[in-house]
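We have chain B already, so just place chains E and C on it with the hints.
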Amino acid sequence: MILDLHNHSIKSDDGRARVENYCQWIRKRELPLDGLVLTEHRQFDTESDYRKLEDTYGLLILKASEVETDYGHVLVFGVNEDLQNAFDFTRVDLPLDLVLREARRCGAVAAPCHPGRINVGLCAHYGERGAVEGVELIETLNGGSRSGEDDRALELAKDHGYRGFGGSDAHIVSHIGRCATRFDDEIASMDDLVQALRGERFEAISWKS
Amino acid sequence: MTRAFASVELGDDLPEVQPDVSMENVRLFCASARMPFGRFTDHEKARAEGLPGAIVPGIMSQALLSALVHRWSPGCRIENMDTIFRAPVLVDSKPTCRGVVTNTDPESETIELDLTIVNEAGETRVVGTAQVRL
Amino acid sequence: MEELNLEALKGEWVGVEFDTAEFEVKEAAMVDWATAVGETDRRFTDPDHSDFQAHPTFTTQFVSRRVLPKGFPRLGRGGFDGGKCVTLLVPVRAGDRLTGKSMIADLYEKTGRSGRMIFLVHRMSFHNQAGERVSTMDWKLVQQTREPKVSG
Numbered sequence: 176m177i178l179d180l181h182n183h184s185i186k187s188d189d190g191r192a193r194v195e196n197y198c199q200w201i202r203k204r205e206l207p208l209d210g211l212v213l214t215e216h217r218q219f220d221t222e223s224d225y226r227k228l229e230d231t232y233g234l235l236i237l238k239a240s241e242v243e244t245d246y247g248h249v250l251v252f253g254v255n256e257d258l259q260n261a262f263d264f265t266r267v268d269l270p271l272d273l274v275l276r277e278a279r280r281c282g283a284v285a286a287p288c289h290p291g292r293i294n295v296g297l298c299a300h301y302g303e304r305g306a307v308e309g310v311e312l313i314e315t316l317n318g319g320s321r322s323g324e325d326d327r328a329l330e331l332a333k334d335h336g337y338r339g340f341g342g343s344d345a346h347i348v349s350h351i352g353r354c355a356t357r358f359d360d361e362i363a364s365m366d367d368l369v370q371a372l373r374g375e376r377f378e379a380i381s382w383k384s
Numbered sequence: 853m854t855r856a857f858a859s860v861e862l863g864d865d866l867p868e869v870q871p872d873v874s875m876e877n878v879r880l881f882c883a884s885a886r887m888p889f890g891r892f893t894d895h896e897k898a899r900a901e902g903l904p905g906a907i908v909p910g911i912m913s914q915a916l917l918s919a920l921v922h923r924w925s926p927g928c929r930i931e932n933m934d935t936i937f938r939a940p941v942l943v944d945s946k947p948t949c950r951g952v953v954t955n956t957d958p959e960s961e962t963i964e965l966d967l968t969i970v971n972e973a974g975e976t977r978v979v980g981t982a983q984v985r986l
Numbered sequence: 096m097e098e099l100n101l102e103a104l105k106g107e108w109v110g111v112e113f114d115t116a117e118f119e120v121k122e123a124a125m126v127d128w129a130t131a132v133g134e135t136d137r138r139f140t141d142p143d144h145s146d147f148q149a150h151p152t153f154t155t156q157f158v159s160r161r162v163l164p165k166g167f168p169r170l171g172r173g174g175f176d177g178g179k180c181v182t183l184l185v186p187v188r189a190g191d192r193l194t195g196k197s198m199i200a201d202l203y204e205k206t207g208r209s210g211r212m213i214f215l216v217h218r219m220s221f222h223n224q225a226g227e228r229v230s231t232m233d234w235k236l237v238q239q240t241r242e243p244k245v246s247g
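Protein chains in written order, with the working numbering: chain B, 176 to 384; chain E, 853 to 986; chain C, 96 to 247.
Extracted from the complex, chain B is given alone in its bound form (with noise of 0.2 Å):
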């Protein structure tokens, strides 16, 4: 089951794709993807309810969050009410460890995303201040990399330990499905993505020309 689990839309303030129009043009292109994670910026969608798109197009449509701390972005997998009282998802210096500890206490998984991107990156960070106890987890592959960041983010998963997954990073419709994660188990539900991401039996995947 192959999953792209970093993506924006019009909820979040630099994103320009309505869902739909994802799931429109994830079945006009073919693209082998079985469903989409919405990781909209500094908040956790409540109001979207995507199910009828998910009949509509069989795919299957999760929503997480982006969150900004001080070691840089940070996606949240599996936000419940109570992580979303846990910490204030709107500031940009959210500590990275009280995001990572928050998300296992209420349920939830903490991974940063681009980690070889300048200023908002993991790998910067820990070039300057050393690792975070903690992490387990990264985004190894990012649609929106530039040159040499992907390459540093694997490094990092490679030095630390780290599980790496892929995601787009997509803010505009046909960005969707550059990078994605193939997992070996099925996922039905953001409980059942919380729980693979916990495992091994993952890796990401990249269609980036």
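Treat the hints as calculated values from the structure; they're not laboratory data. Heads up, the beta-carbon is just placed ideally off N, CA and C, and yes, glycines get one too.
Listed next, with one range per pair, are the computed distances between beta-carbon atoms: (1) E:888 <-> B:203: 40 to 48 Å; (2) E:905 <-> C:227: 37 to 45 Å; (3) C:184 <-> B:359: 47 to 55 Å; (4) E:888 <-> C:190: 22 to 30 Å; (5) B:273 <-> C:192: 49 to 57 Å; (6) E:874 <-> B:223: 42 to 50 Å; (7) B:195 <-> C:184: 25 to 33 Å; (8) E:958 <-> B:276: 49 to 57 Å; (9) C:168 <-> E:854: 44 to 52 Å; (10) B:195 <-> C:112: 29 to 37 Å; (11) C:141 <-> B:221: 52 to 60 Å; (12) B:376 <-> C:107: 46 to 54 Å.
Relative to the frame of chain B, chains E and C by itself:
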């Protein structure tokens, strides 16, 4: 000639264009836009500002994308053009403008496009969307 | 560094119209603009065309006398253009006299490759001499609030 709405399909690619972002052309644009700033029109002055060289003004990048759309469908009317300047496009570089149809609305007969400018390394420098009436 | 209260700033400034300026649309500039960007549609390059008009985003060059309202606090150490969103309502013609009204439409903070930034959305609405609204432009002015540049 204007393209017929019925002939356009979701997923259609617009023909790519390698725009002329030579210094001469950027200076022409800057003069027309009353933007006589060294960061756009002089490599040395741009470097003195910490840039890798002179950069194409964001509003010129946006206008390059409008020209791409008109080339694909002459006579069409761009109703909205929304661009994000993610990273500089360098003057005298060889960028590529791309577009693709991401939605067709038969009720309003409007088309939505994704638009990008990528550099020689394939890195996206400008992303945008447009709503176009054919 | 003193904590910036963005919510208070938004409450005070978002939606407040702070400037009005006039702009003249000149034929030569319209042609040069369109020519420089490789325009192939004669509506934008040929003054003799029956539907000669300014290139769709021509109004993006027009900036108010003030980028920020008088009394607006200094948020960072300079800025750059983060993007432009233009909605076109009526074609702009040679000789038009446009009136542009400015307001702050939004303010928000985020981090990115350029570090910690405040995004200030400066909205300009343009009307022509007949009172028709011709276009609206949202200009995302990015102000860097710190000097991190932490590279990998």
